[in-house]
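Q: Listed here are the chains, written in short residue letters.
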Amino acid sequence: MAQAAIELIGINKSFGAVRANRDINLEVARGTIHGIVGENGAGKSTLMSILYGFYQADSGEIHVGGKPVSINTSNDAIALGIGMVHQHFMLVDNFTVLENVILGAESDALLKKSIAKARSELERLEREYGLEVDPDAIIEELPVGLQQRVEILKALYRGAEILILDEPTGVLTPAEADHLFRILKQLKEQGKTVVLITHKLREIMAITDTVSVMRQGTMVATRVTKETTVGELAELMVGRRVLLRVEKGEAKAGAIKLSVKNLTVKDQRGVTMVDDVSFDVRGGEIVGIAGVAGNGQSELLEAISGIRHAVSGEVMLDGKPIDLTGKADPGELRDRGLAHVPEDRHHVGLVLAFEENENSILGYHDDERYLKGPFLNVDAIMADAQDKIEKYDIRPGNPQLRTANFSGGNQQKIVLAREMEQDPGVLIVGQPTRGVDVGAIEFIHKRLIAMRDQGKAVLLVSVELDEIRSLSDRILVMFAGRIVGERGPEATEGELGLLMAGVEHQEAAQ
Amino acid sequence: MDSFNAIVQVLDSTIRLSVPLLLACLAGLYSERAGIFDIGLEGKMLVGAFAGAAAASVFHSALIGLGMAVLISVAFAMAHGFASITHRGNQIVSGVAINFVAAGSTIILGQAWFSQGGRTPALQPGERFEAIVWPGAEAVRSVPILGPIYAELISGHSILVYFAFAMVPFTWWVLFRTRFGLRMRAVGENPAAVDTAGISVAWLRYRALICTGVLTGVAGAYLSMVQNGGFVKDMTAGKGYIALAALIFAKWKPVNAMFACLLFGFLDAAAIRLQGSPLPFIGKVPVQFMQALPYILTVVLLAGFIGKAIPPRAGGVPYVKER
Numbered sequence: 059m060a061q062a063a064i065e066l067i068g069i070n071k072s073f074g075a076v077r078a079n080r081d082i083n084l085e086v087a088r089g090t091i092h093g094i095v096g097e098n099g100a101g102k103s104t105l106m107s108i109l110y111g112f113y114q115a116d117s118g119e120i121h122v123g124g125k126p127v128s129i130n131t132s133n134d135a136i137a138l139g140i141g142m143v144h145q146h147f148m149l150v151d152n153f154t155v156l157e158n159v160i161l162g163a164e165s166d167a168l169l170k171k172s173i174a175k176a177r178s179e180l181e182r183l184e185r186e187y188g189l190e191v192d193p194d195a196i197i198e199e200l201p202v203g204l205q206q207r208v209e210i211l212k213a214l215y216r217g218a219e220i221l222i223l224d225e226p227t228g229v230l231t232p233a234e235a236d237h238l239f240r241i242l243k244q245l246k247e248q249g250k251t252v253v254l255i256t257h258k259l260r261e262i263m264a265i266t267d268t269v270s271v272m273r274q275g276t277m278v279a280t281r282v283t284k285e286t287t288v289g290e291l292a293e294l295m296v297g298r299r300v301l302l303r304v305e306k307g308e309a310k311a312g313a314i315k316l317s318v319k320n321l322t323v324k325d326q327r328g329v330t331m332v333d334d335v336s337f338d339v340r341g342g343e344i345v346g347i348a349g350v351a352g353n354g355q356s357e358l359l360e361a362i363s364g365i366r367h368a369v370s371g372e373v374m375l376d377g378k379p380i381d382l383t384g385k386a387d388p389g390e391l392r393d394r395g396l397a398h399v400p401e402d403r404h405h406v407g408l409v410l411a412f413e414e415n416e417n418s419i420l421g422y423h424d425d426e427r428y429l430k431g432p433f434l435n436v437d438a439i440m441a442d443a444q445d446k447i448e449k450y451d452i453r454p455g456n457p458q459l460r461t462a463n464f465s466g467g468n469q470q471k472i473v474l475a476r477e478m479e480q481d482p483g484v485l486i487v488g489q490p491t492r493g494v495d496v497g498a499i500e501f502i503h504k505r506l507i508a509m510r511d512q513g514k515a516v517l518l519v520s521v522e523l524d525e526i527r528s529l530s531d532r533i534l535v536m537f538a539g540r541i542v543g544e545r546g547p548e549a550t551e552g553e554l555g556l557l558m559a560g561v562e563h564q565e566a567a568q
Numbered sequence: 371m372d373s374f375n376a377i378v379q380v381l382d383s384t385i386r387l388s389v390p391l392l393l394a395c396l397a398g399l400y401s402e403r404a405g406i407f408d409i410g411l412e413g414k415m416l417v418g419a420f421a422g423a424a425a426a427s428v429f430h431s432a433l434i435g436l437g438m439a440v441l442i443s444v445a446f447a448m449a450h451g452f453a454s455i456t457h458r459g460n461q462i463v464s465g466v467a468i469n470f471v472a473a474g475s476t477i478i479l480g481q482a483w484f485s486q487g488g489r490t491p492a493l494q495p496g497e498r499f500e501a502i503v504w505p506g507a508e509a510v511r512s513v514p515i516l517g518p519i520y521a522e523l524i525s526g527h528s529i530l531v532y533f534a535f536a537m538v539p540f541t542w543w544v545l546f547r548t549r550f551g552l553r554m555r556a557v558g559e560n561p562a563a564v565d566t567a568g569i570s571v572a573w574l575r576y577r578a579l580i581c582t583g584v585l586t587g588v589a590g591a592y593l594s595m596v597q598n599g600g601f602v603k604d605m606t607a608g609k610g611y612i613a614l615a616a617l618i619f620a621k622w623k624p625v626n627a628m629f630a631c632l633l634f635g636f637l638d639a640a641a642i643r644l645q646g647s648p649l650p651f652i653g654k655v656p657v658q659f660m661q662a663l664p665y666i667l668t669v670v671l672l673a674g675f676i677g678k679a680i681p682p683r684a685g686g687v688p689y690v691k692e693r
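These protein sequence lines map, in sequence, to chains A and B.
In terms of the numbering used here, the first sequence opens at residue 59 and continues consecutively.
In terms of the numbering used here, the second sequence opens at residue 371 and continues consecutively.
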């Protein structure tokens with residue numbers, strides 16, 4: 059085995075009563091790509107922040123290049139050749155690429171010399187690693203994929219030999235992610251060491267040499283990637299067996315519940331986002347809409363749920379039209395049996411400052427069940443919230459806790475419980491498992507299947523192709539605002555991928 | 371020729387009146403570019419004015435007065451920093467508190483030390499910054515057009531006036547041509563980027579506040595030791611707030627700041643000049659209206675005449691390392 063680039067020995071770190079890292083040991087070999095997986099809150103990011111000097115460990119030793127070191131600030135880490143690409147980019151949005159690259163690593167008190175030096179150095183790095191980016195572009199005008207490239211350049215400019223990437227693909231399109239992986243492989247060939255933090259197991263299998271699994275603050279296992287499987291890693295992450303494929307019976311499709319005809323939607327800039335889309339959803343089936351993010355799925359969902367104005371077309375709910383002027387009363391739609399789990403639970407689905415029980419009835423608070431005269435019936439609301447907590451295994455099980463203090467997966471369960479427990483005829487779900495742990499994904503999938511089996515119509519939009527394939531009875535693929543194809547659940551990933559990239563669509567047009 | 375002389379005189383007082391605004395505005399620029407809102411410019415100017423006049427009168431030295439003005443003003447800026455950087459307090463509350471402390475303490479200390487109803491003793495020659503007469507100013511005064519411009523507008527101001535205007539290109543150079551300026555702008559936009567680049571966010575912001583304190587100190591000294599012959603209670607009279615308005619009007623840019631402050635100074639000068647004299651078409655305008663004009667303009671400009679002014683994005687938000 060090659061010499062260890064990093065060695066962590068017995069790292070402990072607590073935040074108050076929470077032990078984020080317990081007695082962690084980790085060894086990463088030089089010139090390899092090492093993955094670290096674990097559920098949200100398993101302590102991956104904390105561990106890497108300790109390595110980068112953002113936090114200090116309570117106890118433990120760090121060895122870099124075989125020598126014990128103490129890393130008290132990010133400066134120490136940078137001096138040791140450790141660079142980090144954060145999940146939320148640490149860039150100044152209205153600075154140029156060059157200014158961001160030199161920030162903190164200026165060679166001179168005057169900018170002119172620093173910038174001249176950085177410009178030639180960047181040219182070299184771009185040539186060497188294929189990291190092309192215009193040095194004078196303003197960050198906020200660049201797409202996220204390029205912004206991430208600037209983060210990598212920043213680390214390399216500081217002479218990083220060890221590069222830590224925290225959930226790098228969360229914001230990228232599949233094509234951008236592929237490009238990133240090519241860059242990482244190239245870095246590896248040049249002798250750099252890469253540490254990749256992620257909760258996407260497919261990425262781990264695709265690119266890493268070795269992988270370590272964290273669970274609840276401890277390091278539970280390290281494996282050679284070639285000798286392990288997705289199933290084993292998932293089991294190690296969650297601590298029990300996880301069903302990666304959802305078991306479901308035949309769909310018993312019934313009457314048409316939701317019908318969309320010739321729907322066209324434009325965004326604020328007047329760009330057509332949904333272009334003449336028609337489809338039906340029947341009771342007892344799940345219709346999945348696949349597509350790369352930004353191809354009109356969000357706008358489609360918003361138009362159907364009555365919160366975005368549609369230019370033309372009609373949407374029928376149980377045979378009666380929905381107001382498409384964007385002024386539909388969501389309360390009325392709820393009364394008619396349409397429940398909506400929005401894509402962005404933080405901004406649209408929840409009020410994070412509210413207590414859990416308040417969010418669990420939000421939107422249904424005018425319901426007689428929750429009222430006592432003109433006042434809220436606190437006892438009934440609490441009992442109802444407690445009931446949902448038990449049914450949906452929402453943790454921690456305290457209905458009086460502020461919603462912001464729940465993890466992403468549990469927040470999602472709060473929204474799902476609220477919408478599903480109203481027993482709607484039609485359920486519209488956007489990105490049901492975005493940012494959600496493996497264990498919770500399994501649970502959410504089971505609930506969706508159960509809804510279907512009760513004869514509800516479910517419209518599912520997700521950018522996770524696996525999710526679409528395992529849940530849907532019919533798959534519609536959206537590209538550039540149009541539905542470019544319909545497939546059954548047996549469609550292969552490659553086939554759907556081509557449709558999502560618009561390949562077949564373009565050929566048909568020619 | 372008379373009307374030409376009148377214009378030169380108005381422009382001359384425009385310069386004099388805009389100097390304290392300009393110094394305060396640039397002071398605010400350093401602070402806000404670094405992400406610290408500073409509504410306490412007014413208070414820092416006031417303590418600067420008091421400390422300057424008091425020290426100059428006691429030690430019989432204008433330079434010692436200026437030194438004390440800067441020292442005390444910087445101390446108040448550090449108090450703002452301690453509350454809002456170190457302890458992550460609300461920057462508006464801290465700034466307002468500074469204004470109250472300044473207004474109260476200057477009167478109490480003034481009365482306790484000098485017993486002149488909160489004033490400091492009238493400054494004698496040598497205790498004030500005198501006007502600097504440029505070579506040949508008197509000789510060319512009689513030359514038409516250029517003579518008065520040279521003698522009145524360019525020559526004959528105190529050293530602090532030249533300092534204030536020299537600070538404009540200097541501030542621009544610091545902001546856009548030095549490492550310190552780059553980091554300061556970055557910390558006002560995204561402090562996390564600065565922190566992960568291995569630079570101390572707190573120390574950077576403290577340094578910006580020191581710049582702020584120095585400039586408000588000079589602004590205060592100008593008020594009590596140049597414009598006036600001593601300290602009078604509440605002599606800043608809202609200039610700190612007008613400077614803040616000018617800063618927004620100038621979109622946090624130094625050269626724009628100079629023009630904004632000259633505009634406010636001009637309105638002030640015009641108001642004084644036009645007192646009592648009838649305006650064409652309108653007739654006689656009450657003095658009070660003319661005096662209110664700069665403030666009315668402030669409201670009108672801020673109400674949206676200036677287009678979209680985007681403040682530094684991290685402004686007003688204490689920096690906390692994310693958990």
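Calculated directly from the structure, the hints in this document are not laboratory data.
Glycine included, every Cβ here is placed at the ideal spot set by N, Cα and C.
The reader is advised that the hints may include incorrect statements.
Stated by the list, open to error - Under 7 Å between C-beta atoms, here's a sample of chain B residues computed to sit facing chain A:
# : residue
1 : Ala473
2 : Glu508
3 : Ala509
4 : Ala567
5 : Ile569
6 : Lys621
7 : Ala673
Claimed, not checked - Which stretches of chain A does chain B cover? Using the computed rule of at least three CB atoms under 8 Å from a CB of chain B, they are:
#  : region
8  : 120-133
9  : 168-179
10 : 356-369
Q: Next, verify each hint and record whether it holds.
A: How the hints compare with the structure:
| no. | hint | in the structure |
| --- | --- | --- |
| 1 | Ala473 | 37 Å, violated |
| 2 | Glu508 | 42 Å, violated |
| 3 | Ala509 | 42 Å, violated |
| 4 | Ala567 | 3 Å, holds |
| 5 | Ile569 | 5 Å, holds |
| 6 | Lys621 | 12 Å, violated |
| 7 | Ala673 | 25 Å, violated |
| 8 | 120-133 | holds (count 3) |
| 9 | 168-179 | holds (count 4) |
| 10 | 356-369 | violated (count 0) |
Comparing the model with each numbered hint stated earlier shows that hints 1, 2, 3, 6, 7 and 10 do not hold.
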